[in-house]
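Start from chain R and add chain F according to the hints.
Number of protein chains: 2
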Amino acid sequence: MGTMTVEMIAVTALDRISVDGGDVLHAIKRVDPGFIDFGEAYFSGINVGYVKAWKRHLAMTLNIVVPVGSVQFVFVDELGGIREEIIGTEVGRYVRLTVPPGIWFGFKGLFSPRSILMNVADIPHEPHEVERLAVNSFNFDWGAKK
Amino acid sequence: MGTMTVEMIAVTALDRISVDGGDVLHAIKRVDPGFIDFGEAYFSGINVGYVKAWKRHLAMTLNIVVPVGSVQFVFVDELGGIREEIIGTEVGRYVRLTVPPGIWFGFKGLFSPRSILMNVADIPHEPHEVERLAVNSFNFDWGAKK
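One line per chain: the protein sequences are R and F, in this order. The opening residue of the first sequence carries number -1 in our numbering; numbering runs sequentially from there. The opening residue of the second sequence carries number -1 in our numbering; numbering runs sequentially from there.
One chain only, chain R, in its complex shape (with noise of 0.2 Å):
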């Protein structure tokens, strides 16, 4: 792949539903932009005030949404581009951002006691096109954990 930047991150507004007794939120449909292929779809939850940093996938395309609560995600480019992103329900920012493989991330729980967000990738997990770095390996300040 060619040198991937944090422009190619692509935001895309989602349907909210309100309906009696609890909303429908839509996520993805295969008819949507940044879908490419299904292979694996998960959660994983960030406790408030927690990070989790830094990793990037060679292979994988990301399509990231948040449920539940609200994160910010870290975008950091090969060319040092660098790229913040708040999203999820309790932010009122429902979106799906679609991230391209080689571009590190990061991200950290803002919403008392966690959010929850979930990815639904192109190809399933696979370690080996899976790279991490330790924390401070970027300069950017996560601020206070709690």
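Errors might be hidden in some of the hints.
[Claimed, not checked] Only pairs whose alpha carbons sit at most 27 Å apart, straight line, appear in this in silico DSSO-like list of lysine-lysine:
1) F/Lys27 with R/Lys27
2) R/Lys27 with R/Lys53
3) F/Lys53 with R/Lys53
4) F/Lys53 with F/Lys27
5) F/Lys53 with R/Lys27
Just so you know, these hints were derived from the structure itself, not from any lab.
Then chain F, alone, in the frame of chain R:
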């Protein structure tokens, strides 16, 4: 399709991986039992004590997980068969229900303030393949609202 019965609903155990800062919960991979195709993924919130019932899909196979809370599902087939499943992280039963088309279902939220279910459907939402009946259409006692 032939007559679908509640015995055809599959229950698949899912992995929950303990991670510092928030667990990772598997939902569905394309190689998993019960996966047919990817049409759409969406969330449905269900407030504690509320019931959403009854609905039947004529074409869609549902793959349902409950990453937040716990939900009581009730299934009714055309032969009068009835089946209950209570699933969700809060009840310690994090499993996936694969529900073939042709089966009536309803569900009730058991966790305060609300539970979240996700459905990974093999086709995108299509109003013409959905049938609905009023909550009192079957002889099932959902219990008190709250």
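These are the hints, each one checked on the structure:
no.	hint	verdict
1	F/Lys27 with R/Lys27	16 Å, holds
2	R/Lys27 with R/Lys53	26 Å, holds
3	F/Lys53 with R/Lys53	41 Å, violated
4	F/Lys53 with F/Lys27	26 Å, holds
5	F/Lys53 with R/Lys27	21 Å, holds
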